Amino acid sequence: MLQPAIQATGVVKWFGEGEARTQALRDVSLSANFGEMLYIVGPSGSGKTTLLSVLSGILRPDSGTVSVEGADIWSLNSDQLADFRLHKIGFVFQDYHLFPRLTTAENVAVPLILKRMNWGDAIKQAVHYLDIVGLKGRAELPPVKLSGGEQQRVAIARAIAGQPEILIMDEPTASLDGETGQGIVRFVKQNILNESRCILIVTHDSRIYDFATRILKMADGRLAGAEKREIL
Amino acid sequence: MKGIFKLAYKLLVNDKPKFAALIVGITFSVFLIVQMMAMFSGILNRASATILNVGAAIWVMDPAVQTVANTIGMPDYVLDAVKSIEGVNYAVPFYSGGALVKLADGTYQAVTVIGLDDTTLFGRPQLLEGKIEDIYGENAFIVVKDTEFRKLENPQIGTQFEVNDNRGVIVGIAKVNSNSLFGVPTLYTTYYRALQYLPNPRFTISYVLAEPKNPADVPRIKRQIEALGYLALTKDEFIDRITTFYKYQTGIGTNILIMTVMSFIVGLSISGQTFYTFVLENLDKFGAFKAMGAKSRELILMILFQASFTALTGYGLGIGLCAFLIRLARARLPDYASVINVWNLSFAFVMVVIIATVSSYFAVRKVLQVEPFDIFRG
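Here the protein sequences come in this chain order: B and V.
Heads up, our numbering is the position in the first sequence plus 3, with the first residue counted as 1.
Heads up, our numbering is the position in the second sequence plus 4, with the first residue counted as 1.
Hint data in this document are derived by calculation from the structure and do not stem from the laboratory.
These numbers were taken from a predicted model, which means no experiment stands behind them.
For each residue, glycine too, the CB sits at the ideal point set by N, CA and C.
Heads up, a few of these hints could be off.
[As the list claims (entries may be wrong)] A short list of chain B residues far from chain V (calculated; beta carbon distances all over 12 Å):
no.	residue
1	G13
2	E22
3	Q26
4	R29
5	G38
6	T52
7	S70
8	S81
9	D86
10	R104
11	E109
12	I116
13	L117
14	R141
15	A162
16	S199
[Stated by the list, open to error] Beta-carbon label-pair distances, calculated as ranges:
no.	chain 1	residue 1	chain 2	residue 2	range
17	V	A335	B	D124	29 to 39 Å
18	B	D134	V	V357	44 to 54 Å
19	B	S150	V	L261	56 to 66 Å
[Said to hold, decoys possible] Taking lysine-lysine pairs in the DSS-like style, the calculated list, with each CA pair at most 25 Å apart, reads:
no.	chain 1	residue 1	chain 2	residue 2
20	V	K10	B	K118
21	V	K299	V	K370
22	B	K118	V	K87
23	V	K10	B	K139
24	V	K87	V	K149
25	B	K118	V	K22
26	V	K22	V	K10
27	V	K87	V	K239
28	V	K239	V	K251
29	V	K20	B	K148
30	B	K192	B	K139
31	V	K299	V	K14
32	V	K6	V	K22
33	V	K10	B	K127
34	B	K118	V	K14
35	V	K14	B	K127
36	B	K148	V	K14
Isolated chain V, as found in the complex (with noise of 0.2 Å):
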């Protein structure tokens, strides 16, 4: 069976020109598929990096809240009754705001505030330089070193800033593992301050953060919650309503999907063509192994190797494609949002199988067709 295959390889290989083109369309095709899907995972990515990087396991908020980012206040008691819930180990307020920034050479720079609990300092980043404890310093401020770092004018510990007419100093300077969506720097102080700074509604509290004893607590808790007139969500949870709300809500899911249908349809159409095309030409020589004694279970799987073959070699030299381009826009782009993760390679794979199962669908059935006789005939 070996030497049929290494037969097949050797027609489909050295017909160049056909093979080229058969490459090109699939690979042009997984490219498109990935750099879609890539992209809009890597905006889904950043619209929960606040989620990801504080890595709480449940998230109290108003239920009207739709991403991390619109939030909206609740009152202190919310993080009084969260407390009292049966199953709850501990819970803690965490605010998530806006602010203007102020820099040395006079321009303002939005950023992002993020205030931890005072006491816990629960989900604070990892600090690359600084220690954690400054951060209950006089006007104390972590900076976030992320590709947006620079829009403070890289600043060092001890730099001084103006948040929204008070003073501000860097006492720390972190890593997080996901950068924001929006483009804004982030600053880390703690919640007291941070409501403090900062122009407040008269409820302050932008998520209760809570952590259950056991997970089995986890469906009572938000129950519980839910009586309350709030809504509690798992970490993965939170980060799916933030997906439908990008998916469903803001139209670009729905572009994506178009673009991702068009780069199947395109691809499709290239390969399938040029394949049908590639047996076309062949049928002859199709009908020659039959007459010489080819059964026609070997003829399909030869074909069936063939767009297999080509599949296979296409897709990898588009996800190639795909990764080399995302690293060299990175490299001039630092906030270039893309990611290629395990689903949009599941899902390009398994667009490629359909399109290798279409194309040779229509090879098998027109091999399958011919007969031997008609080789005699001419």
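Pulled out of the complex, with its shape left as it was, chain B reads as follows (with noise of 0.2 Å):
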């Protein structure tokens, strides 16, 4: 039996004033559980990332409630919910957001320097995760001077090295040919999935959907529960 990692009920989100209001989530609910690669795809504007964000404790719901381990995310205060994210949720962003002015070992330790590590025991555990992702040799190089695939593992050891219990990955192969998409998830899936993670994945990229312990549908801001073969 999987233990729920996430809970979200009835999550409503609302963007803009008057006319221009439009409602981004209308009544979602789901659950992700650990040891599990949940994908949400659906078409752009769907309301995946909005989702997405939500669930993260980064944008604040109109309504609804969402539990990380049991515990209701959205009655935190703001340094609580910082620190949530901090210490619970790795985040792999679409355009990597990596920081071109340090290196890559650098770029790696940043969320061990936000939890107050030194910057010498950072470094060192940067480097041990940038070992795990294969790029162990690359850590004094800038991320400007790495290929997409290579960036795009960069973001993976930094977002896995705070040791989240949550990975949240927001088109993790959008910038990236095929091959080396479905190599960057394949890794995922074989080395960062683990009992006690659960990973979630924004995606519309159907190549790598096979690699999905469950995938869930959106469509205008609802989520239509598909299943996984359902989809395929």
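From these two lone chains plus the hints, build me the complex, please.
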């Protein structure tokens, strides 16, 4: 029996004012479990990224609840939410958002430094995580010297460096060719996913659907609730 | 927290073009501010040179006197009246006036002649060569070896010259703490010889120099001298009076102030704009920090650290550059009047702190407005 990592109930989110007001999420409820690699798929504008932001404590919903390991995250104040994100969530952004002025190792060390680890230890740990993603030899290079696939792996190393229980990946293959994208997701499933970690991936890249343990489809801010097999 | 500052440092310093622009902006601004103020301090310092060199506690003068140089003669009874005031330990006459010296080659050179009280020689300079008692010798003068010394053709002991058609002879070479403002050599002699050699109006005492028995007596001494119709100022008050005169009645102060404000505005514009651009360009990075769990106060600290580090580095370089150029200028122009003191350093520091505060204020506002959700939305 898989343990629930995230539970969302009746989540509603509106954007804009007056006539421009649009509903991005319409009464969305879902559960994501530890040991699961859950995909949220759907066309652009369907509300995937908004949902991901609400689930990860970045965007406050207008109504509904989000619980992580049984605790309602939207009852936390802004500092507690920041701590929640720092300790529980690892992010892999669509455009990686690596810091071009830092070395690869320093980029990976950022979450550790935010956790108040001293600089030397953080860099040592970062090199260890770079080793996991196969980029130990690139530790001293700036991210701009790396290929797209390598940058994505650095972003993954940074996301897992803080040992988060939940890994959030936003369009992880959007900037990569098919083979590299599949290689990255395969790597994540084989090396990063484990019994005590839940991975949420937002994507509309059907080439990587095969790696999901479950797929939820979104359309017009609603969760269609499709199972993996149906979408494939 | 140390790690966060190191992160902020690397993000700042590794953006070399922006960092260089920031440093150049602040360095240039500090250089201009300090240079302007050092120049003004140098002028004020030299304008008060006689007061600093003589070192008397109380200066009695005509109330119309604004600077040491524009003396107005006082009658002899003022000296006696000051001596008779209760609390005055002693009082001596002091002469300061201008004269023309005819040099051996036939050319004329303007000089300042200081006449010291014959009995006490109060306010005498420190001698480098010769003996002070030689000042009582016939036609004796002591020359100050300052930056103007060479204008008297580098005289030696025994060198003769003419002062207003009287024979003069150098009996000593002295040094003083501060050079005068007006670019003329200084000769010391006795009070009565100064009166004999230089044309004078009816009243001859330039200043009466007085020493109180006790510092607590000074206010009472000043009141009694005021009752005589004259003005008594302590050393610091006289320097302040001269400073006020140069600040507000010569236009020098206003011009220096305008230049200083312009330097500040230039520094603020360059640094503020560059720092703001730096933060704008890194806004998505700050958003990523927020998404990853950085708190607002940590981001504020990072920005304040970056602004402070830039400001202090620019401040140090600006001061260093100014000191270097003043030294260089002095090597070529010994008369160059410029003094870096604690006041102009402090003023420049306050200006730099304002530049850093204003720059970081707008940057902090922008960073606090950025939403991590914007990072997801791209």
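Verify the CB-CB distance for A335 (chain V) and D124 (chain B) against the hinted window 29 to 39 Å.
Violated, since A335 (chain V) and D124 (chain B) (Cβ atoms, about 52 Å apart) do not stay within the stated range.
Verify the proposed pairing of K10 (chain V) with K127 (chain B), using a straight-line Cα cut of 25 Å.
holds, 16 Å
Check the hint pairing K192 (chain B) with K139 (chain B) against an upper bound of 25 Å on the C-alpha distance.
Holds - the C-alpha atoms of K139 (chain B) and K192 (chain B) are around 20 Å apart, at most 25 Å.
Mind verifying the non-interface call on T52 (chain B)? Its CB should be farther than 12 Å from each CB in chain V.
violated, 5 Å
Beyond 12 Å from every chain V Cβ - status for G38 (chain B):
Given that every Cβ of chain V is farther than 12 Å from that of G38 (chain B), nearest at about 24 Å, it holds.
Supplied distance hint 44 to 54 Å, evaluated on CB atoms of D134 (chain B) and V357 (chain V)
Holds, since D134 (chain B) and V357 (chain V) (Cβ atoms, about 45 Å apart) stay within the stated range.
Please settle this one: G13 (chain B) was flagged as non-interface, so is its CB more than 12 Å from every CB on chain V?
holds, 20 Å
Going straight from one Cα to the other, do K14 (chain V) and K127 (chain B) come out at no more than 25 Å?
Between K14 (chain V) and K127 (chain B) the Cα gap is close to 18 Å, so the pair holds against 25 Å.
Is the Cβ of Q26 (chain B) more than 12 Å away from each Cβ in chain V?
holds, 16 Å
Check the non-interface label on R104 (chain B): least C-beta distance to chain V beyond 12 Å or not.
With a cut-off of 12 Å, R104 (chain B) comes too close to chain V, as the shortest Cβ separation is near 4 Å.
Is the claim that S70 (chain B) lies outside the interface with chain V correct, judged by CB distances over 12 Å?
holds, 19 Å
Next pair to validate is K118 (chain B) with K87 (chain V); report whether the Cα-Cα distance is within 25 Å.
Violated. K118 (chain B) to K87 (chain V) sits at ~77 Å, over the 25 Å cutoff.
Hints 6, 8, 9, 10, 11, 12, 13, 15, 17, 22, 24, 25, counting from the list given before, are not met by this structure.
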